[in-house]
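Mapped onto the UniProt record's numbering, the consecutive letters of the sequence shown carry residue numbers 1 to 356.
Hints should not be assumed to be uniformly reliable.
[Unchecked claim] Subject to a maximum C-alpha distance of 20 Å in a straight line, what follows is the list of computed SDA-like cross-link-like pairs (lysine to any residue): (1) K272 <-> E234; (2) K263 <-> K310; (3) K206 <-> G309; (4) K214 <-> K263; (5) K214 <-> E99; (6) K272 <-> Y202; (7) K348 <-> D256; (8) K250 <-> Q211; (9) K263 <-> G309; (10) K272 <-> Q211; (11) K310 <-> K272; (12) K328 <-> D297; (13) K206 <-> F269; (14) K263 <-> Q248; (15) K310 <-> H294; (16) K196 <-> F163; (17) K250 <-> V344; (18) K268 <-> Q285; (19) K214 <-> K272; (20) K196 <-> I221; (21) K250 <-> S231; (22) K214 <-> N258; (23) K263 <-> H294; (24) K268 <-> Q284; (25) K348 <-> F306; (26) K263 <-> G247; (27) K206 <-> D190; (28) K214 <-> E234; (29) K263 <-> D219.
[As the list claims (entries may be wrong)] Using C-beta positions, here's what the derived DEER-type ranges look like: (30) T321 <-> A198: 35 to 45 Å; (31) E341 <-> L216: 44 to 54 Å; (32) E189 <-> F146: 21 to 31 Å.
Because the hints were derived from the structure by calculation, they are not lab data.
Beta carbons: idealized from backbone N, C-alpha and C, even for Gly.
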Amino acid sequence: MFVSIFLPYQFGLILAVSGVLLTWILPGILTNPKQGHVSEKTRAINFPHLVERLLLLVIITFGEMIIGIAPYFSVDNLSVASFLIFIIVTNLFMIYIVEIDHMIDVNQDRVTGNGAIYYHYPIFLGLSLITVSLSFLGNQVANNLFLVCLLYLGILLMLFGVFAHQHYNKSSHPFTNKLYWVEFGVPREDFFITTKLATSGYRVTKAQIVQALKNLQTDYIDLMLIHWVVSDYEGTYQALQEAYQAGQLKAIGLSDFNQEQIKGILAKFSVKPALLQNEMHVFQQQVAMRQFFHENDIQFESWAPFGEGKENIFNHPLLTTIGSQYHKTAAQVILRFLLQEGVVAIPKSANSERMK
């Protein structure tokens, strides 16, 4: 920034803007434990202190906003609109307080707090736009349409920043059996929750499991699958096995693994995968692989029971002929074939009638 003063205007401006951008970006890189610049065991900042300071800055900004709308409450300008504007400002303030002061878990470990800082940029920018637009709204020399657009843009930016903080929210309302019963009419154990994660290695997978439990608001997941084979899938499986042994997972599954890779997992780990999810349909029946899984008591699941609509599968002459004998569609014939082969099918459709 200081060097840019002594440079020609165009070069100095570029250097100054680059410096500003670096001050925004570098803290997020240098204080991220995953980048290796700080120890993963080190708490990079005092997170409660950071949230407290950010909260104080926003409260001050709201105070400036109140001063900005004060002219609406003068003797000459007092009207119904004055109270509506005050309600808007108060409501935005309460949204911020509830989300940031009440919902955020300030006692989190191993967080840099960079997200909280960066998410506050749109909050401050949004509040500034709201203050400016409300200050000039109704002014005879001002463009009211432009000011209204600024007002809505400011509100959207502010709300975006506020709700982006949900990453730091407390896990204070997990879906207990009682809550599942109240909200859905059935207990938690009657739900079978399946989710997937990427092959990210041991350390990242451990964190992903914790995040999945938090996102799903449950104490355990019935089935978690490794999405596909990339990089350190054995480290990923090790993390899943530990989660299974800790009761966080009821079963481990694999997706798009080949037979040799599964043999390696069976030889190395004590917890056997309960399920393999691969492509399988009438045109790709995976007979040898399914026989191997049957011998090892591993359930086979087809993620593409309709072959992704290829080979004119829904109008295939053989399938429609078989279907006509039993008054069924080709799709129903395909699903019946998979069921009789002992394969779990997970068909996809956007048609409500087909879903039924």
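Hint check results:
With a C-alpha separation of about 13 Å, the suggested pairing of K272 with E234 holds against the 20 Å cut-off. Among the hinted pairs, K263 with K310 is inconsistent with the structure: their alpha-carbon atoms are about 31 Å apart, more than 20 Å. Using a Cα cut-off of 20 Å, the hinted pair K206 and G309 is violated, with the two alpha carbons roughly 37 Å apart. With a C-alpha separation of about 32 Å, the suggested pair K214 and K263 falls outside the 20 Å cut-off, and the hint is violated.
The hinted pair formed by K214 and E99 meets the criterion: a straight-line CA distance of about 17 Å does not exceed 20 Å. For the proposed pair K272 and Y202, the alpha carbon gap of about 17 Å is at most 20 Å, so the pair holds. Between the alpha carbons of K348 and D256 the distance comes to roughly 18 Å, so the proposed pair stays at or under 20 Å and holds. The suggested pairing of K250 with Q211 holds, with an alpha-carbon distance near 17 Å, which does not exceed 20 Å.
The hinted pair formed by K263 and G309 fails the criterion: a straight-line CA distance of about 31 Å is larger than 20 Å. Of the supplied pair hints, the one linking K272 and Q211 is violated, its CA atoms being roughly 24 Å apart against a limit of 20 Å. For a cut-off of 20 Å, the pair hint linking K310 to K272 is broken: about 33 Å separates their Cα positions. At most 20 Å may separate the alpha-carbon atoms for a hinted pair to count; K328 and D297 exceed this at roughly 32 Å.
At most 20 Å may separate the alpha-carbon atoms for a hinted pair to count; K206 and F269 meet this at roughly 17 Å. Among the hinted pairs, K263 with Q248 is inconsistent with the structure: their alpha-carbon atoms are about 25 Å apart, more than 20 Å. Of the supplied pair hints, the one linking K310 and H294 is violated, its CA atoms being roughly 28 Å apart against a limit of 20 Å. Only pairs whose Cα atoms come within 20 Å are accepted, and K196 paired with F163 is rejected, the gap being roughly 25 Å.
At most 20 Å may separate the alpha-carbon atoms for a hinted pair to count; K250 and V344 meet this at roughly 18 Å. Of the supplied pair hints, the one linking K268 and Q285 is violated, its CA atoms being roughly 28 Å apart against a limit of 20 Å. Taking the CA atoms of K214 and K272, the gap is near 25 Å; set against the 20 Å cutoff, the hint is violated. As the CA atoms of K196 and I221 are separated by approximately 11 Å, the hinted pair is consistent with the 20 Å bound.
Between K250 and S231 the CA atoms are separated by roughly 25 Å; this puts the pair beyond 20 Å, and the hint is violated. For the hint linking K214 to N258, the alpha-carbon distance of about 31 Å lies beyond 20 Å, and the restraint is violated. For a cut-off of 20 Å, the pair hint linking K263 to H294 stands: about 13 Å separates their Cα positions. The hinted pair formed by K268 and Q284 fails the criterion: a straight-line CA distance of about 29 Å is larger than 20 Å.
Restraint check for K348 and F306: the C-alpha separation of about 9 Å stays at or below 20 Å, so the hint holds. Under the criterion of a C-alpha separation no larger than 20 Å, the hint pairing K263 with G247 is inconsistent with the structure, at around 25 Å. Between the alpha carbons of K206 and D190 the distance comes to roughly 26 Å, so the proposed pair goes past 20 Å and is violated. Among the hinted pairs, K214 with E234 is inconsistent with the structure: their alpha-carbon atoms are about 24 Å apart, more than 20 Å.
Between K263 and D219 the CA atoms are separated by roughly 31 Å; this puts the pair beyond 20 Å, and the hint is violated. The supplied range of 35 to 45 Å is met by T321 and A198, whose beta-carbon atoms lie about 42 Å from each other. For E341 and L216, the Cβ-Cβ distance of about 31 Å falls outside the hinted range of 44 to 54 Å, so the restraint is violated. About 57 Å separates the C-beta atoms of E189 and F146, a value inconsistent with the hinted range of 21 to 31 Å.
When held up to the earlier numbered hints, the structure conflicts with 2, 3, 4, 9, 10, 11, 12, 14, 15, 16, 18, 19, 21, 22, 24, 26, 27, 28, 29, 31, 32 and fits the remainder.
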